[in-house]
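Visitor: Here is what each chain is made of, one letter per residue.
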Amino acid sequence: MAETTNKPTKANESEYVIEMLNITKEFPGIKANDNITLQLKKGEIHALLGENGAGKSTLMSVLFGLYQPEAGCIKKNGEVVKINDPNDANMLNIGMVHQHFKLVECFSVLDNIILGVEPNTAGFLKKKDARKKVLDLSERYGLHVDPDAIVEDISVGMQQRTEILKMLYRDNEILIFDEPTAVLTPQEIDELMRIMRGFANEGKSILFITHKLAEIMAVADRCTVLRKGKYIGTVNIADTTPQELSRMMVGRNVNFKVDKQDMEPGEVVLEVNGITVPSKLHKGNSVQDVSFNVRRGEIVTLAGIEGNGQTQFVYALTGLDKPTAGSIKLCGKDITKMAIRDRSKMGMSHIPEDRHKHGLVLDYSLEQNMVLQKYWDPQFQSMGFIKFDAVREYSERLIEQYDVRSGQGPITMARSMSGGNQQKAIVAREIDKDPELLVAVQPTRGLDVGAIEYIHKQIVAQRDAGKAVLLVSLELDEVMNLSDRILVMYEGEIVGEFDPKVTTTEELGLYMAGAKRQER
Amino acid sequence: MNILADIISATVLFAIPLLLVALGGMFSERSGIINIALDGIMIIGALLGCHTLKWLDPAVTAGNLGSQVAVMIAILVAGVAGIALSLLLAFSAINLRADQTIGGTALNMFAPAFSIVLTWAILGQGQTTMTLPTWVRIVQNNFGKEASGTFGDMLVFKSLYATHFLCIILFAAAVILLYKTKFGLRLRACGEHPQAADSVGINVYKMRYAGVMISGFLGGIGGMSFVFAVGGFQSEVAGYGFLALAVMIFGNWKPWSILGAAFFFSFFRVIGNYASSIPFMPKLSNVEGVTTYLWPSIPYVVTVILLILTSKRSRAPKAEGIPYDKGQR
Amino acid sequence: MKKSIISILAAVISIVAGLVLGLVVVMATGSDAAISWSCFTAMLTSGFSSMAKLAKVLYQAAPLIMTGLSVGFAFKTGLFNIGAPGQYLMGAFVALVGAIQFQLSWPICIIAAMIAGALWGALPGLAKAYFNVNEVITSIMLNWIGLFIVNISLMNMPKMLPPHWVPSPIKDRTASLKYANPDGIIPKMGMDEFFGSPYINISIIIAILFAVVIYIILNRTTFGYELKACGHNRESARYAGINAKRNIILSMCIAGALSGVGGALYYLSGEADYNILKVLQANGFNGIPVALLATSNPLGIIFSALFISYIQVGGEAMQPHFATEVIDIIVSVIIYLAAFTLLTKGLLSKVIKFNDGKDANAEPKPAEKNTGKENGK
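Residue numbers (the working numbering), protein chains in the order written: chain G, 1 to 520; chain B, 1 to 329; chain Y, 1 to 377.
Quick caveat, the hints were computed from the structure, so don't treat them as lab data.
The C-beta atom is built at its ideal place from N, Cα and C for all residues, glycine as well.
Keep in mind that the hints are not guaranteed to be accurate.
[Unchecked claim] Taking beta-carbon pairs under 10 Å as the criterion, some of the chain Y residues facing chain B (in silico):
1. A28
2. P124
3. V133
4. V150
5. V166
6. S168
7. Q319
8. T324
9. A338
[To be verified] Here are the simulated DMTMM-like pairs of lysine to aspartate or glutamate, each with C-alpha atoms no more than 20 Å apart in a straight line:
10. Y:K171 - B:E288
11. B:K318 - G:E44
12. G:K212 - G:E44
Model the full assembly from the supplied sequences, consistent with the hints where possible.
Guide: This is how it looks when you write it as structure tokens:
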């Protein structure tokens, strides 16, 4: 049970409000946290830095009571506490904004905020006081929300504010933000930083999980770095540089710039004209009159905040969904109504946004996944019977060539592979098709730096080989580094076209937030 | 006029099991568990309810026990029996994270078989039909009145059972529980986004157990009310558990819509039953088996058609059917 | 190797648990423990007690193999074909009408039954593919609708019923093929004399051939690859250019066809007449435990069908002391346990330490990294 006696205001003065000492958390076959120590001072913003898979989320889940560590202890104000579940965490005034919001989409904002701590008499809900408290908090911290709006109808930004209000409503003093900026525009990020600073000034303590160095330099007081489940060190931000942090995070010097030669684009490969896709959620369109083209030897990037129609556009482009208006031409041929298989045969490769939903059949082996786009080819079948030897040979070549690592080689179940290697397998499969057009949607999401570098290189290599590349990305760094041209999408429309050599992330941010738009 | 009274009272009579069982299904699915075992749960409820009535019969006939008190005891037994069977589903679906449809199918197979074996054991070899004691029905006498034969009298007392009153109470309770209480809010959260519920300290397993048990309770009582409607029990409920699931889907997992859907389906059932005595229905007197097989197929056909027609606006709880694993987030 | 041993062990555990509960039920509901025990042992041994009994086991296993294949095939493509009883019934009906009303020979009747089953199976497939209606509910409704259609049709087809062929007053069952159309009876090839039982015929061989064909389709062909891809993940199948809707419908058609053949195999023996009753045939539902016990492996289904058939023949030996539904109780326990085979298998693989290196499933979630390197070659 949680110890509820320690209020942070008590005279019991330890320097640290929360200490996680020598935490070890194992999952079968892997030490997610190996002897990690993290000490949070009262009123500070403490960044937790690490790559994807470094163990940040596991550590925070331990603090939040979602996992129990095998070794180590947690102290609140110097006294050992046991956190068995989120209720205990809440009683210790620990709150968390999860990376993937934990909101019930068909509930109202208010219901989501009170869920778990519902004001009630004899079990019957009493929402009136709760609404007042939410409105007060929202006023006081400038966190604008509509308590009666249904979560699935509101913007990602408002959903995040709802999550923050969830913590404030519970009077939490220790606030954990797990990758909170991934879904925000640069301007919204500044706003969030300001709010976080405000919390810290009020005496709340903040744990800020991120892998973005600029944000840490801007807002944090101290930073703890993890790498591959191990504790690397804790530094004062005032005494460090981004270069040092990045070296601590990755373990070597990283060149975040992608080497890319200037190239003169060739003829048009993809021609998109007035594509419109109706929304599944509301009456309007999720993609509205989108037109652009992609030429040989260039990387065109669709940038934008998540949920502004990029996904729906890609579905229409690749044939997973049908547009209601407009046309798509590939190499001069109209493919608007073509079946997915035929588009693929025409030379379209698609690295999908969600590798589990689309990219892989997780319960198929690696070799079966390697031929997912090609099993029907005479190379791999005759008279409808699969040529198992050919499949094996082909996948072994791809595994070798693209350095896809797995437990048992071609017969490994895709489900059991690491995210990075799953993505590498998809990239290998799609690039080996030797496409005319490569559509890569968030190809590096959730991967570590090594895999990101590798995939970026492959994409640039495709461009250098004279292919047309359409990249869809939410990461502004990736957008700025890889693109030859940038298109910003906002609410289903393309609101601006930019040259990455000229524009800045701030400028892109204004367009991504809908604050500005070009007449095209 | 008599036939109109018959049709209305029969519609109400057959709507009750559909409504109760569909509400049960709603609680289970709103918590995230597909309860396809409702058919079996109805059978077990009906089975033990009927045996309770039979066991209490001497006491009631001798005047030692009020007839409606006995009925309430039987209904309660039916509900508890339903809970017992539903726990088997809950255990496999929640603790063992087994496939909910397969687990439910097993229970649907178990219930009628168990019912037949038990009835043999109690009534003697080869005996499978259980009849209802006459005192079960509420008649004018229970209110100290005489049968008057007026339209209103026919309408009310043609076939009135304790489950009529109970159904109203249970429906009101279901609406309040689902929408006005802390429990209901938490239950719905578990069926939509169990990870979110877990992250605010709600025990998803417990809530799902609660949802399944409520469905067992309502399913068991629904089984008893089905027996009242058809007047006897032969270890089967004519697929009413599945019809109730269709009612629930048609009612979009919302109590008021389920209420409407239950009456709608029941109406078709009754039309099927009374078809031969309804003036404007075709007589088809030269065709054999019309009353046994043609008219009774109406509710099933209507169900399939309606499911197809309403599929577009149907919105199931997002997390239903997906086992919740605390380890995976 | 390891996988199949564990599957078989899990099946055996389910069976033993089912039998134990069956024993408990028999002991608890029987009036005399000695009679209960002898009934139970009779049930367990009856199938092997004579060649004639064994013949009956084989005869009843044939339709079970077919419905088991039907359910199992649909499972492989991610669908729960609880509509097997309806498809089975449609197959039986069309086969009998072909044999009696139209005096066709048995192979044509079987093909007709196959088509009828396929069409009946296609309906929930269409509803699922185009309207995303849960196939379980529609299948169950279609089972009842099929029963009503078949019964009312037969009642109004005087040529199908006894007085037309045999002077018999019993009008609630179809006329015996022996009198109506001996050509419609599946050949026995002398097996009846060998086993000393009229029940046995080549239906068991036909069923086994179907199992082998289904095994080849699922495991060796691109069609099987597509179907299984749809079953595992409909979205990624679509992404790969596989027509998921067409595959759902095709898969339900094939499942229906298999059940339909099952109905034909049972009723074209000449030893069974269709009884016009408001009851769905158990052979349809029993396809579910048959498929589950074999974890939908078509070759395994042959054995699980033989087992279910065996205990059903055994169930008859328990009468008149016990209702044959005791067998259903046993089977339901087997399904219930089979529903969490994954867990049983997980436990088993812990208990039985096969030494094949690290478990590739070691990672908690695919999003984590590292293990790729540890396990890398």
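Visitor: Each hint: holds or not?
Guide: Evaluated hints:
1. With a least beta-carbon distance of about 8 Å to chain B, the hint placing A28 of chain Y at the interface is held under the 10 Å criterion.
2. For P124 of chain Y, the interface hint holds, since its Cβ comes within 10 Å of a Cβ in chain B; the closest pair sits about 9 Å apart.
3. A least Cβ separation of about 5 Å between V133 of chain Y and chain B falls short of the 10 Å threshold, and the interface hint therefore holds.
4. A cut of 10 Å between beta carbons decides the hint on V150 of chain Y: the least distance to chain B is about 9 Å, and the hint holds.
5. Interface hint status for V166 of chain Y: violated, as the beta-carbon distance to the closest one in chain B is roughly 19 Å, over 10 Å.
6. Restraint check, S168 of chain Y versus chain B: the minimum CB separation of about 17 Å is more than 10 Å; hint violated.
7. Restraint check, Q319 of chain Y versus chain B: the minimum CB separation of about 9 Å is within 10 Å; hint holds.
8. At about 9 Å, the closest approach between the beta carbon of T324 of chain Y and any beta carbon in chain B falls short of 10 Å, and the interface hint on this residue holds.
9. Against a cut-off of 10 Å between C-beta atoms, the interface hint on A338 of chain Y holds, since the closest Cβ of chain B lies about 7 Å away.
10. Between K171 of chain Y and E288 of chain B, the direct Cα distance comes to roughly 12 Å. Compliance with the 20 Å bound is thereby established for this hinted pair.
11. About 39 Å separates the Cα atoms of K318 of chain B and E44 of chain G, which puts this hinted pair outside 20 Å; it is violated.
12. In summary, the hint linking K212 of chain G to E44 of chain G is supported, as the alpha carbons are separated by about 18 Å, within the 20 Å threshold.
Checked against the numbered hints above, the structure breaks hints 5, 6 and 11 and satisfies the rest.
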